[in-house]
Amino acid sequence: MKKKTVVLIGSLLILTAFLGVVAFTLTFGTPKMTDMDDYFLRFGQEQTGTNNQCTSVTFDFRGFDTLGESTVLFCAVIGVALMFRKMQAGEEHEDE
Amino acid sequence: MSRIVRTGADFLYPAILIFGLYIVAHGHLTPGGGFQGGAVIATGCALVIVAYSYEEVREWLSGKVLMGQEVIGLMGFIGVALLAFAFGQVFFFNYLNASGSLFGIPVPYGINAGELNTGGFVPLMNFAVGCEVWGGLTLVILYMLSGIRREVS
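If you're matching them up, the sequences are chains A and B in order.
Heads up, the final residue of the first sequence is numbered 196 in the numbering used here, and it's a clean run with no missing numbers.
Heads up, the final residue of the second sequence is numbered 154 in the numbering used here, and it's a clean run with no missing numbers.
Please keep in mind that the hints were generated in silico from the structure rather than gathered at the bench.
From a predicted model like this one, the values you see are computed outputs, not experimental measurements.
One side of the interface only, derived from the structure: several residues of chain B facing chain A at Cβ under 10 Å:
id, residue
1, His-29
2, Phe-36
3, Leu-67
4, Gly-74
5, Leu-75
6, Phe-78
7, Phe-92
8, Phe-94
9, Asn-127
10, Gly-136
11, Leu-138
12, Val-141
13, Tyr-144
Pulled from the structure, derived: some chain A residues nowhere near chain B, Cβ distances all over 10 Å:
id, residue
14, Leu-112
15, Val-122
16, Thr-125
17, Thr-127
18, Phe-128
19, Pro-131
20, Lys-132
21, Asp-137
Built from N, CA and C at the ideal position, the CB exists for glycine as well.
When you get a sec, could you build the whole thing from the sequences and use the hints?
So this is what it looks like as structure tokens:
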């Protein structure tokens, strides 16, 4: 057996053991801090008027996040437009 | 593309458009929202752009229209949020909620049937973001297809 194969199998075993320990010992669904979740679930419906709590968080409680997200999308489109723009008549690529 | 693909795109495009607009309009009641609905509509636009060739689409679809749509969406988003100052509130305050006017029916705590006329400014935000994502993603696809040249055979 080659040395490379041994190292590969060993690292795979170590990774599997690590992920197995994480998967079987940690408990999901019982977070330690629940103050903010409880607030959103209790008052989100009355304060924002939305039945969909995800939308109430993304568009109302954390509207700044969505504003930044929209700006990022806008900048991405601007960047694509810059990359794929039409070359002017006298303009040349740098690497030509 | 072939005539079969074009006819299929013609039939599918209105259905995709209506489904995307439904997701945007019901963003405050059902799973989904502006981003997801806008992405669905942009998928329909991509279907049309791919089914018809780039040169053919370019004749009746201008990039300026899509860019304007995107700018209007982003400016509408910021404008709706800024309008809270006119009501004497802070930035991003939901001033339309439970006001009795547009989208202003109050929602009680707990399970309810869901009314479209609720949500305060969240539906307006959904429409603005949906408009922006629709224009932006379609513009990205259009620009990327503009780099492809037809092979001379």
